[in-house]
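Peer 1: Please build the complete structure, drawing on both the sequences and the hints.
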Amino acid sequence: MSVRVLVPADSSALSVGADLVARAIQDEARKRGLEIELVRTGSRGLFWLEPLVETETPAGRVGYGPIAAGEVAGLFDAGFLNGAPHPAALGPVDDIPYLAKQQRLIFARCGVTDPLSLDDYRRHGGLRGLERALAMGPKATVEEVLASGLRGRGGAGFPTGIKWRTTAGVAADQKYVVCNADEGDSGTFADRMLMEGDPFLLIEGMTIAGVTVGATKGYVYIRSEYPHAFATFQRAIERARAGGLLGASVLGSGHAFDLEARLGAGAYICGEETSLLESLEGKRGQIRVKPPLPAIVGLFGKPTIINNVLSFASTPWILDHGAKAYAAYGVGRSLGSQPFQLAGNIRCGGLVELAFGVTLRELVDGFGGGTRNGRPIRAIQVGGPLGAYLPESLLDTPLDYESMAAAGGMLGHGGVVVFDDSVDMARQARFAMEFCAKESCGKCTPCRIGSTRGVETVDKIIAGHDRQKNVQLLRDLCEVMTDGSLCALGGLTPLPVLSALNHFREDFAKPPTRVAAE
Amino acid sequence: MSGQTAFDLDLAQTLIDRKRDIPGATLPILHDLQEQFGYIDDAVIPLIADVLNISRAETLGVITFYHDFRRSPAEGRVLKLCRAESCQSMGCEDLVSHLEHRHGVKVDDENRSGLHVETVYCLGNCALSPAALLDGAPIGRLDRDRIDAIVAAAQGKTQ
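Chains A and B supply the protein sequences, listed in that same order. For reference, each letter of the first sequence is one residue, going 10 to 527 in my numbering. For reference, each letter of the second sequence is one residue, going 1107 to 1265 in my numbering.
Treat the hints as calculated values from the structure; they're not laboratory data. Treat the hints with care, since some could be wrong.
Unchecked claim - Just the calculated beta-carbon pair ranges, DEER-fashion:
{"id": "1", "chain 1": "A", "residue 1": "A165", "chain 2": "B", "residue 2": "T1170", "range": "26 to 32 angstroms"}
{"id": "2", "chain 1": "A", "residue 1": "V298", "chain 2": "B", "residue 2": "D1127", "range": "40 to 46 angstroms"}
{"id": "3", "chain 1": "B", "residue 1": "E1141", "chain 2": "A", "residue 2": "G378", "range": "40 to 46 angstroms"}
{"id": "4", "chain 1": "B", "residue 1": "Y1145", "chain 2": "A", "residue 2": "L29", "range": "29 to 35 angstroms"}
{"id": "5", "chain 1": "A", "residue 1": "G42", "chain 2": "B", "residue 2": "A1149", "range": "54 to 60 angstroms"}
{"id": "6", "chain 1": "B", "residue 1": "T1225", "chain 2": "A", "residue 2": "P385", "range": "28 to 34 angstroms"}
{"id": "7", "chain 1": "B", "residue 1": "D1249", "chain 2": "A", "residue 2": "P385", "range": "20 to 26 angstroms"}
{"id": "8", "chain 1": "A", "residue 1": "A109", "chain 2": "B", "residue 2": "A1163", "range": "57 to 63 angstroms"}
Claimed, not checked - Here chain B is said to cover these stretches of chain A; the calculated rule only asks that three of the stretch's residues, wherever they fall, bring their Cβ under 8 angstroms from a Cβ of chain B:
{"id": "9", "region": "89 to 98"}
{"id": "10", "region": "115 to 126"}
{"id": "11", "region": "274 to 281"}
{"id": "12", "region": "346 to 353"}
{"id": "13", "region": "362 to 369"}
{"id": "14", "region": "427 to 433"}
Yeah, the Cβ is synthetic: ideal placement off N, Cα and C, and Gly gets one too.
Peer 2: Structure representation (structure tokens):
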């Protein structure tokens, strides 16, 4: 029997040469007359170990990483097909502490299975949630999602079950399910990993939503910066259709549901749900004023469930294991698991799925192992470009929606970006405003104009012009943007700006430097 | 990005007609056109407007709203360089100044070096920052040496 060797085809793994390694393994096996079965998986999310090669042995999966294509011959020499020792050997992959300490509900299969094999998906527990939803009916399914306490994983944290109940309760000739896969926050990659590594889970979650609220058509809006995720997901949709998961009768239930993947076009604002809907309709991605809520008047004017990738991907587990089991994870009103993403200047960057409530320190030190270059940590931005910069002193903050809000930040989509002591926080504050100016949809004045005035004001502070007055002006401007913007882009840009001002005041008081002209 | 061809109005019309009837067809059509020709030629604006029953102004408005759509062809290879926070923490701005000072390649600027470098914000490869996409192929842990090699290869390609 041939030995199974697994190499990720995740785009992060590809970015450090996984394709070259996979090819080298094929070539070397052929040269040596050895029969192997090479499977391209998603990533385990231990990115500092990529490309991570795994061998299936009688004692389980054994890992080797990071492996360069030039080291492949040496792997064969050492006998990696039998799980033999090698300088890059990691032992049983499931026992690597980074992985063993996690609570993987959503990402249980990612990196383990062949992402495009529906059989593999089923063998590893896939489709049980959908089967249960079909058996218990729409009403009970909505109740189950409500009872689980699942909140929107895109960043806003709105209870998913309430969205579903609202759309389920509206009578309409057509309803839609839309997945927000416009994961634009720097420091986040969980949606991408899932779409590349376990796409059937998202398809299953969206199908559950579809049959529950009575929608027959779903769209997945994937950002164009994710060409690999888009390609993989499109292939997964085709296979799901061929396997009877999508189509005129979902798993033979009589419910019709089909999916289509659509590509974004490089606009951060399209991660805002109403802007995404406009974009799907073929328009400029300008946000809509709410109400009406998309759950009632959404895509093409029809009732629409719009959720993040991870929200949909949580529902199969909830239905399979029950709301109670899900709600046993987490703290307070932040229930279930959150895939945190460790990024930036960090030694062991990757995906860490844990119940809410873990502290930032446990993540950054315990899992991340500190900065990549060994310098002290100075600031951590949690929650993407609209999240706060937290200083070392707030490292013990638990990561859940309420604690983060109390610390003056937000959890967002779970991205954690680490900066060392060389960071200039005045420049980071400037960038927050600059980013908002570049990505503003232009609909409301506080965001469109405020962000440009914000850049100018930070420039004046850096240049040493009337500092006290300009800092006050910047604070006033942040207040206007917070209270007067229509959506989270203008409304939350003040978070990184004010957190930089409040926690790193000294960076705004340095001897003036000339600001580089843009 | 893929096998691009010189702009051809008939082919453009064929591409537009292919997706005209899907709901919300504008972006899929624009992506197909850019995939085929490498940019969106202004000559397609009236064609799209006509087929989708929207005004030319609206069509232009959509094209200009999205950062992806290019209105003139890019020269040579395209490097999409991430300049968002995670990549900033790992020195992407140093790579930007290295490109300019060492190689004379300005980011987001037309140039004749055979390499067109564009700013993007996040490629979802943040655990391996700095990140980039070279003609669609992902690159992680980008550094000055790799930049030098990319510039050299791009110049070799155009000369």
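Peer 1: Which of the listed hints are broken here?
Peer 2: 2, 9, 10, 13
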